[in-house]
Amino acid sequence: MKNVTRVGHRKSIVTVNGEFPGPSIVARDGDRLVIQVVSHVPNNITLHWHGIRQLQSGWADGPGYVTQCPIQTGQSFVYNFTVVDQRGSFFWHAHTSWLRATLYGPIIILPKKSGPSYPFPKPYKQVPLIFGEWWNADTEAVIDYALINGGGPNVSDAYTINGLPGPLYNSSTEDTFKLKVKPGKTYLLRLINAALNNELFFTIANHTMKVVDVDGVYVKPFETDAVIIASGQSTNVILNTKSEYPNATFLMIIRPFSPGHPFDNTTSAGILEYEFPNPNLTIPWHKLQLMNPSVLHDQNDTSFATKFSNKLRSLANSQFPTNVPKKIDKHFLFTVGLGTSPCQHNKTCQGPNGAKFASSVNNISFVLPTTTSLLQAHFLGQSKGVYSPDFPSVPLYPFNYTGNPPNNTMVEIATKVVVLPFNTSVELVLQDTKIIHSERHPFHLHGYNFFIVGQGFGNFNPNEDPKNFNLFDPVGRNTVCVPSGGWIALRFVTDNPGQCMAHALSLGGPCKLGYDDGLGSLRWKVA
Numbered sequence: 001m002k003n004v005t006r007v008g009h010r011k012s013i014v015t016v017n018g019e020f021p022g023p024s025i026v027a028r029d030g031d032r033l034v035i036q037v038v039s040h041v042p043n044n045i046t047l048h049w050h051g052i053r054q055l056q057s058g059w060a061d062g063p064g065y066v067t068q069c070p071i072q073t074g075q076s077f078v079y080n081f082t083v084v085d086q087r088g089s090f091f092w093h094a095h096t097s098w099l100r101a102t103l104y105g106p107i108i109i110l111p112k113k114s115g116p117s118y119p120f121p122k123p124y125k126q127v128p129l130i131f132g133e134w135w136n137a138d139t140e141a142v143i144d145y146a147l148i149n150g151g152g153p154n155v156s157d158a159y160t161i162n163g164l165p166g167p168l169y170n171s172s173t174e175d176t177f178k179l180k181v182k183p184g185k186t187y188l189l190r191l192i193n194a195a196l197n198n199e200l201f202f203t204i205a206n207h208t209m210k211v212v213d214v215d216g217v218y219v220k221p222f223e224t225d226a227v228i229i230a231s232g233q234s235t236n237v238i239l240n241t242k243s244e245y246p247n248a249t250f251l252m253i254i255r256p257f258s259p260g261h262p263f264d265n266t267t268s269a270g271i272l273e274y275e276f277p278n279p280n281l282t283i284p285w286h287k288l289q290l291m292n293p294s295v296l297h298d299q300n301d302t303s304f305a306t307k308f309s310n311k312l313r314s315l316a317n318s319q320f321p322t323n324v325p326k327k328i329d330k331h332f333l334f335t336v337g338l339g340t341s342p343c344q345h346n347k348t349c350q351g352p353n354g355a356k357f358a359s360s361v362n363n364i365s366f367v368l369p370t371t372t373s374l375l376q377a378h379f380l381g382q383s384k385g386v387y388s389p390d391f392p393s394v395p396l397y398p399f400n401y402t403g404n405p406p407n408n409t410m411v412e413i414a415t416k417v418v419v420l421p422f423n424t425s426v427e428l429v430l431q432d433t434k435i436i437h438s439e440r441h442p443f444h445l446h447g448y449n450f451f452i453v454g455q456g457f458g459n460f461n462p463n464e465d466p467k468n469f470n471l472f473d474p475v476g477r478n479t480v481c482v483p484s485g486g487w488i489a490l491r492f493v494t495d496n497p498g499q500c501m502a503h504a505l506s507l508g509g510p511c512k513l514g515y516d517d518g519l520g521s522l523r524w525k526v527a
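If you're matching positions, the sequence shown starts at 1 in my numbering and goes up one per residue.
There's no promise every hint is true.
Listed next, the in silico BS3-like pairs over lysine-lysine satisfying Cα-Cα at most 27 Å (straight line) [said to hold, decoys possible]:
#1 Lys330 x Lys242
#2 Lys307 x Lys467
#3 Lys220 x Lys122
#4 Lys178 x Lys307
These are calculated hints, taken from the structure and not from any lab test.
Using the sequences provided together with the hints, build the complete structure.
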């Protein structure tokens, strides 16, 4: 544990090796990583390597009670895996409870030295920018209170850039991330959103950026004045600095995009500072160049979010092909949203009609086992009583998902999984529901990248909407945002046997899908 002060509040947080954010991992495609995690904290701990596919190394994926039992106080666990045909920006984070609010750090995977390099000119410098959320209160107490009382958890008190909230918050002028750049240079900014649930806008005053990569997948480059990035996603952008020193510094802004539910509506800032400024010139932060009104997007700017996501297209060339499945073996329609569950006996909860809020997929609110992991139960042939393989492929009781809610909003509490054969071509449509209210849902699939072949608003129409699917150059991702009041269609092939977890960030709903030692060994102490 380490005492850390942000926005004028000091508290003890869980860290790795005493760092917040945690240490960066830099490796190359094909490297083997061996990381020993030793726990010195009272919490149960696991670490997940978000976006790393874990081909044939499912034991190392990290979600608690899915691929492993948590690491207890005084115990250790060795994560041993190889990066296979991946490069880009990823991150690691805790995968038990809300510990990932402070337990996270970047993973940078570089191309192989002997293989193809970037499909764009090599940048002068690469800089990871990892975005997070800060709660003045203990985050474990925040989520525990919400789970007991059945309401939504309290929103965060600040957003952070590389762990620092910046000068727009009280008592935070000194806690500001500064990116020093040289004129006329090309920088690759590796943007990673480690916030627990919120999508974020990122923009730099008086500068544009070129998007070149999302979730470790190269895309057709395009210029933009702002980037929108969901929780769990990464975006690499090229920043070309001005050819001459402009005698100014500029604010870098992150602020939330949230068209629906309550959220932390504050704004965090860092500073882009050209090197060799006038040493006698000191500019108060409130006089730095801010955003033009057309650049600082509204926090409910759904139009920009839709246009931005529609611009994302895979390269789809001979060097970086797009092998999207054309023939589908198995179709799924998963509804994603909030329902209700009964409150404890003789108690009134904070959800609708005195009940609890309950996240669900196809009206099933997934509950994790408590004595073993799903992967271990499967491996030992002891799944009976741990989970059942009957997760529905479509909603059992269809309704107008984006219209008036059904009379019964109660969910089923169960540990159900989807079982799929190896090498199955899957189409998964994620549909938002308006049972309680519509909202955007960041959705992450462990162990896989998928292709986003279509999206829209309203209810998915299986007869008409597939006619407009993009099967030529759809973007590949590992994390996607289900549109508020809409749907999104994904395709992938089950080429990675084991237990994979498919879940909304901060929600849940697992599914079960049926070397060059370049880094050496790392030993991490969680304290």
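Verification of the hints:
Taking the CA atoms of Lys330 and Lys242, the gap is near 51 Å; set against the 27 Å cutoff, the hint is violated. Between the alpha carbons of Lys307 and Lys467 the distance comes to roughly 20 Å, so the proposed pair stays at or under 27 Å and holds. Simply put, Lys220 and Lys122 have alpha-carbon atoms about 16 Å apart, close enough for the 27 Å limit, and the pair holds. Under the criterion of a C-alpha separation no larger than 27 Å, the hint pairing Lys178 with Lys307 is inconsistent with the structure, at around 30 Å.
When the structure is compared with the earlier hints, violations turn up for hints 1, 4 and for no others.
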